[in-house]
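Knowing the structure of chain A, use the given hints to seat chain D on it.
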Amino acid sequence: MKTAPQFFRHGPGPLARLFVFVLLSCLLIAEDLRFKYFPELRQTIGVVIFPLQKVAYIPIHIYDQIEELIASFYLVEENIKLKQQYMEDREQLLKLHALAAENEQLRQLLGAVRKIEAATETKAVLAEILYTPRDPFNHKITLNKGSYHGITLGQAVIDDKGIVGQITQLYPWSSEVTLLTDKNHSVPVQVLRNNLRSVVSGMGKNDELELRYLSVNIDIQQGDLLVTSGIGGVYPPGIPVATVLRIERDPADDFAQIISTPIAGVDRNRQVLILSLAQSVPDNPIEIPKIESQKN
Amino acid sequence: MYVPPSGGYIAISLAIALMFNFLPFHQDILIFRPDFVALTIIYWSINYPHKMGMSIAFIMGLMMDVGNTGILGQHALAYCIVVYLTLVLGRRLRIFNVMQQAPQIGFILFVMQIVTVLVAVSGGSDLPTWYYFFATITGTLLWAPISLLLSTPLKQKSDPNAL
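Protein sequence lines, in the order shown, are assigned to chains A and D. For the first sequence, the working numbering begins at 1 and goes up steadily by one. For the second sequence, the working numbering begins at 1 and goes up steadily by one.
This is chain A alone, in the form it adopts within the complex (with noise of 0.2 Å):
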């Protein structure tokens, strides 16, 4: 025969190999957890394992396929829908160029600093999901899209509702995202009913984020809609985040406990839009002007 095990009759005994294994496991989770010293380790495997993770992918391909051809049976119904739709949104964006005019001209008069467009500006990347993990541990989600397509580190992914996540890890065809419901997570908001600034959280949990440190006696309200500050350059302004659940005020504890859901369909797209600030954003956008008219 000529399969011999050699390796075993003169190889370490298992459980020699399997501290050996161990240790080794051990290290590369210390390093991956704290020091980060190699990135280029993930890198090289991401590259390895893309080709498997878009064959995966396939029979999801087909399956849209499929979809496609029944859809196109009823494209001038949904040409139709797609039209009064675009005729409303038209309309709102109408609304809101002579908005952004008025309060241009407002800002003038009063002689307030302007404000800052560049981060307004965005351009945007279709993606679509690629794998989502099989364990409850990771809220993550891997693209099709990575450094390839000109994609970075830190851009915001976001669907037709609002906020996904964030950028974390590149690979040249792929990208990972961190959801915002990750536990390492959080997006400077804003409420938009009164402007009140906070950072809402993660919790490791599928549809429930947190805003923490909002003193008990704090305005806000549940079904409050919460949304993107821009405050951190990372995310635009003016997207929606979440909305507020429930909020439980005790008097014996220093913060109210307000938990808030995901507007955007976190783990339900396949789809989703990569989104890059046009130009480079000052350090804080926000405070720029305050410090201006403070020195006067």
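It is worth saying that the hints were derived from the structure and are not from the lab. Where is the CB? At the ideal position from N, CA and C, for every residue including glycine. Some hints here could point you the wrong way.
Going by beta-carbon spacing under 10 Å, a handful of chain A positions derived as facing chain D [stated by the list, open to error]: (1) L24; (2) C26; (3) L27; (4) D135; (5) T142; (6) R270.
Output of the computed footprint for chain D on chain A, the stretches with three or more beta carbons under 8 Å from beta carbons of chain D [claimed, not checked]: (7) 28-35; (8) 38-50; (9) 54-61.
For chain D alone, kept in the frame of chain A given last:
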């Protein structure tokens, strides 16, 4: 009589298993999705231990970790422990037929999931709900079909690469 598998066949089977793991699914189905790579590794490790070393399991684990966007080393550690368990239990397991093996495979998969949970918790994650261990049950149920499927090409005396 079974023909010993070639390295190519093992590599292809592992690649296909990895591809199955990478299938994009909806969140609710994800709970039931068994770890095909683990099952394939267990199959080769039980039946042909000299063909399936811990180093291969380790490399598969790393690929799984990157694809799964998890902590690098999480699945690598789990798969190495799986190989160790099959090496320890291997002689016992080879006596049983495929159906009798299933509960013990379930035990190995359970230990593997415990290891991945421990690593995830050490990385700051919350403990998952008990639904997480559904994957062990589906994996146990799929053991018989998968091991039959993997052994089918080996039954023929012809080239096992002709898959």
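Hints, one by one, checked against the model:
| no. | hint | result |
| --- | --- | --- |
| 1 | L24 | 7 Å, holds |
| 2 | C26 | 7 Å, holds |
| 3 | L27 | 8 Å, holds |
| 4 | D135 | 7 Å, holds |
| 5 | T142 | 6 Å, holds |
| 6 | R270 | 8 Å, holds |
| 7 | 28-35 | holds (count 5) |
| 8 | 38-50 | holds (count 6) |
| 9 | 54-61 | holds (count 5) |
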